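Asker: Sequence:
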Amino acid sequence: MRTRSRVRRRHGFTVVEVMIAALIIGAMSVWAVPAYLQTLQRLKIDNAILEIDLIQAQVNRFFDENGGFPESLAELETPVPPDPWGKEYQYLTPKSPGWKGKFRKDRFLVPLNSDFDLYSSGPDGESRPPLRPKVSWDDIIRANNGGYIGIASNF
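First residue of the sequence shown: 544, per my numbering; consecutive thereafter.
Treat the hints as calculated values from the structure; they're not laboratory data.
Bear in mind the structure is a predicted one, so any value in this text is a computation, not a measurement.
The beta-carbon is built from N, C-alpha and C at its ideal position, and this holds for glycine as well.
It cannot be assumed that every hint is accurate.
Claimed, not checked - Simulated restraints, written as ranges between beta carbons of each label pair:
#	residue 1	residue 2	range
1	R585	K677	12 to 22 Å
2	P654	N603	50 to 60 Å
3	D589	G610	31 to 41 Å
4	R671	R585	15 to 25 Å
What the hints assert, rightly or not - Simulated crosslink set (DSSO-like; lysine-lysine; CA at most 30 Å straight-line):
#	residue 1	residue 2
5	K630	K677
6	K677	K648
7	K638	K677
8	K587	K630
9	K587	K677
10	K648	K638
11	K648	K630
12	K587	K648
Could you build the full structure based on these sequences and the hints that come with them?
Answerer: In structure tokens:
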């Protein structure tokens, strides 16, 4: 008859092993989470740039077909979705009800466009007519009559 061995078999992890695994996961998340959030933000910016380009094409098509710009984005054939941060895109033309005779201006106070303004107020949802204040730096703008579409701080 065989005698039972007094050696116990291990089932599971020791506290030290679990703590080491937790430290490794924690260290990796310190690097991975900010990189992930930064990638998400960049994707939203890229999406806003693409949507502004598409809206601009619709506005220009409207101009070609009707001989003038629409008073609002609601007049376009295709409904305009909200920007990636859930806000409405801002559209301004001399025919717009909220237009007070001034287009948005760059940091040198030169108008961004001569035809119409189209922009997203960006991640913070805030914007000012000139691009000088910091709250406008994260706006996604259309400038140079469509020659530039991107982040206001890069313009």
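Asker: If a hint holds in the structure, say so; if it does not, say that too.
Answerer: Quick rundown of the hints versus the structure:
About 20 Å separates the C-beta atoms of R585 and K677, a value consistent with the hinted range of 12 to 22 Å. Separated by about 18 Å at the C-beta atoms, P654 and N603 break the suggested range of 50 to 60 Å. Separated by about 33 Å at the C-beta atoms, D589 and G610 satisfy the suggested range of 31 to 41 Å. One distance hint, 15 to 25 Å for the beta-carbon pair R671 and R585, holds here, with the actual separation near 24 Å.
The straight-line distance between the Cα atoms of K630 and K677 is roughly 19 Å, inside the 30 Å bound, and the hint therefore holds. For the given pair, K677 sits about 14 Å from K648 by alpha-carbon distance, which is consistent with the 30 Å threshold. Taken as a hint, the K638 and K677 pair is honoured in the structure, with Cα atoms around 28 Å apart against an allowance of 30 Å. Simply put, K587 and K630 have alpha-carbon atoms about 13 Å apart, close enough for the 30 Å limit, and the pair holds.
For the suggested pair K587 and K677, the alpha carbons sit about 20 Å apart, so the restraint of at most 30 Å is met. Of the supplied pair hints, the one linking K648 and K638 holds, its CA atoms being roughly 18 Å apart against a limit of 30 Å. Distance hint between K648 and K630 is fulfilled; the C-alpha atoms sit about 21 Å from each other, no more than 30 Å. Annotation: proposed proximity of K587 to K648 holds, straight-line Cα distance about 24 Å (limit 30 Å).
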